[in-house]
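Q: I would like the entire structure built from these sequences, with the hints used as guidance.
These protein sequence lines map, in sequence, to chains Y and D. First residue of the first sequence: 1, per the numbering used here; consecutive thereafter. First residue of the second sequence: 1, per the numbering used here; consecutive thereafter.
Read the hints as simulated data drawn from the structure, not as lab findings. Computed from a predicted model, the values in this text were never measured in an experiment. Check before you lean on any hint, since a few could be wrong.
Pairs of lysine to any residue residues, derived as SDA-like cross-links and limited to a Cα-Cα distance of at most 20 Å, are as follows [said to hold, decoys possible]:
#, chain 1, residue 1, chain 2, residue 2
1, D, K351, D, F131
2, Y, K77, D, N221
3, D, K432, D, G164
4, D, K494, D, S165
5, Y, K62, Y, V10
6, Y, K114, D, R387
7, Y, K114, D, K494
8, Y, K60, Y, V10
9, D, K432, Y, F13
10, Y, K77, D, A391
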Amino acid sequence: MWYANIIAGVAIFFLGIGTSVLAWRLPYTMESSPGPGFLPLWLGIIMAICSAFVIAQDLKNKESYKSGKLFVPETVKCIQVLALIVAVFLVLPILGFSLGLGIVTGACMRMMGKHSWLSCGATVIASAISIHYLFGVWLTIPLPGGLIGW
Amino acid sequence: MDVLHNISSGFAVALTLQNILYCAVGVFFGQMIGVLPGIGAPTAIALLLPLTFSVNPTSAIIMFAGIYYGVAYGGTITSVLINVPGESSTVMTCIDGYAMAQKGRAGAALSIAAIGSFLAGTLSIILLMTFAPILAQFALRFGPAEYFGLAMMAFGLLTVFGGGSPFKIVISTIAGLLISTIGLDVVSGIPRFIFGQPALLGGVDFIVIICGIFGLAEVFNSIEEPEGGVLIKDKFKIREVFLTWQDWVDSRWAIVRGGLIGFMIGLIPAGGLTVSSFLAYMAEKRVSNHPETFGTGEIAGVAAPESANNAASISGFAPLLALGVPGSPTTAVMLAGFMMWGIRPGPLLFKNNPDLVWGLIASMYVGNVLLLLMNIFLIPLFVAMLRIPYAIMMGFIIIFAAIGAYSVNNSMFDVWMMVGFGILGYAMKKLKYPIVPLVLAMVLGRLAENSFRQALQISEGRFEIFFSRPIALAFLSVAILSYCTPLIRVALKKAGYSKSDINVESL
Chain Y
1 MWYANIIAGV
11 AIFFLGIGTS
21 VLAWRLPYTM
31 ESSPGPGFLP
41 LWLGIIMAIC
51 SAFVIAQDLK
61 NKESYKSGKL
71 FVPETVKCIQ
81 VLALIVAVFL
91 VLPILGFSLG
101 LGIVTGACMR
111 MMGKHSWLSC
121 GATVIASAIS
131 IHYLFGVWLT
141 IPLPGGLIGW
Chain D
1 MDVLHNISSG
11 FAVALTLQNI
21 LYCAVGVFFG
31 QMIGVLPGIG
41 APTAIALLLP
51 LTFSVNPTSA
61 IIMFAGIYYG
71 VAYGGTITSV
81 LINVPGESST
91 VMTCIDGYAM
101 AQKGRAGAAL
111 SIAAIGSFLA
121 GTLSIILLMT
131 FAPILAQFAL
141 RFGPAEYFGL
151 AMMAFGLLTV
161 FGGGSPFKIV
171 ISTIAGLLIS
181 TIGLDVVSGI
191 PRFIFGQPAL
201 LGGVDFIVII
211 CGIFGLAEVF
221 NSIEEPEGGV
231 LIKDKFKIRE
241 VFLTWQDWVD
251 SRWAIVRGGL
261 IGFMIGLIPA
271 GGLTVSSFLA
281 YMAEKRVSNH
291 PETFGTGEIA
301 GVAAPESANN
311 AASISGFAPL
321 LALGVPGSPT
331 TAVMLAGFMM
341 WGIRPGPLLF
351 KNNPDLVWGL
361 IASMYVGNVL
371 LLLMNIFLIP
381 LFVAMLRIPY
391 AIMMGFIIIF
401 AAIGAYSVNN
411 SMFDVWMMVG
421 FGILGYAMKK
431 LKYPIVPLVL
441 AMVLGRLAEN
451 SFRQALQISE
461 GRFEIFFSRP
471 IALAFLSVAI
481 LSYCTPLIRV
491 ALKKAGYSKS
501 DINVESL
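A: Here it is, written out as structure tokens:
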């Protein structure tokens, strides 16, 4: 956890510097008022300064991180759910929104709750139909169709 | 007399069948959301907002307001029955509420929470309808310098009321401000930080961000947080919710004090429900003749924080409606809703959209009555909802988040942005960077920057405009003092004064 905070602090420091560098290329002033580069420049500098303080605090208080852990056993489940979401979203243009999100719902039930394949499958179908009629038909949101047309 | 006339026309709006229905749906959903883990009021409103494009704005806002103050009622149920706060604003209720439940008085705890919330909520509505127009009149004198000062004060107060490292709060605020700069600069027309993506020319839509941060991120956080608590199995009988005379005697002043504290804290930008409930509990314990009974099932220990959080949820609308500045993440999301409908909250809202404002205020009376009735008669239903597995809930949250993000511009780019912000929100929570400053800064960032630039244009580049105008000076003074609060706390600690450290974990 301590290492993660230090790494995050360093990343934020460079983010602040990078923001200031990019903002430097924008006009700093315009006529009698600040230009588009004024605010991002100073925000980047302040962000870098604050992150330096955060790093310094973390270096001083290493002991306080002993009880915390960045990765717990449940983190694996989070990563699995994220991978599922990314994988399904990548193929949404083929599957269609309704079926794709239905698959996400059923898969989450299986991954998290260990529900039976039958109940998960039924949830996929019910969710896909509900999404199509609730959002596509009733709320007329033009959700992209896929293999089944919706 | 103006107020009476206005509120009567407000009731004419609120008491239409459509608006009563929307109010009822809102308070019911709010309670349900308060009971269910892993989803809060900002998330619920964020996920529902894109779906209300075609709904009448007054009805939609009435529903969302119902969700907001209904959530606090629902969170009480889990606080009392399983010692797990359904919402952060009901953390203090766990202390004495669960203790009462263990003594077999769960019904009385829930009842005093509902009645206290109702009475304090009513008091707060009366104060709101009295003070909000005055605040709006006062805000008509605001110019760009005042709005800049107000935004700075809101950011500064986050360091006072927020927990954790003040540097992390500032970093989170700056991140939000930087996100608000993405897109075309409105003054010069120069694109900023779009990295060659035409889809970013209009900036990052707030709906996309909150669907990610409040929707998807909460799914990841809830997967990791272990479900705890032992459910007090109590078959509720109607007679158990009726309080004894002694219960009334013990809790009446707690309700009044809690209501007043909640109202005042809710008015402050970044004040919030959690802070109000905490302060109300501590105040009640301090003035009690028997402070040692707090934590053992003292009914005032339930009445005070519950009254405060409901009063704060109502008064939190005052800065939103009168100033156009949200006081909490939930009202920040509602501000996004106002913008979506093309309505600009602020001092002119009372003049340009009186039906919406007074209809909303009148609907709060209706909503509070409905919530009181639901809390008395529908508790078994809400308790049953605790048994819904989260594995099922999370799928629906992902659905709403994805469709909500997509529906903004009918673009998969926004869906991917939503995933990115979901990962960001998850990482921020893991690394203890607060989310609230990020959200408030995103909402107020453009207002703050544009006001700053306009003020300097008016003064021809001279900064003294911020110090020569008394209201702007007052706001900026509070902001500077707020940023200095961490240093003051450190100095007080070194001098031996530890009471200034407000920390829930220190109870």
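Q: Of all the hints numbered above, which does this structure not satisfy? Sort the numbers upward.
A: 7
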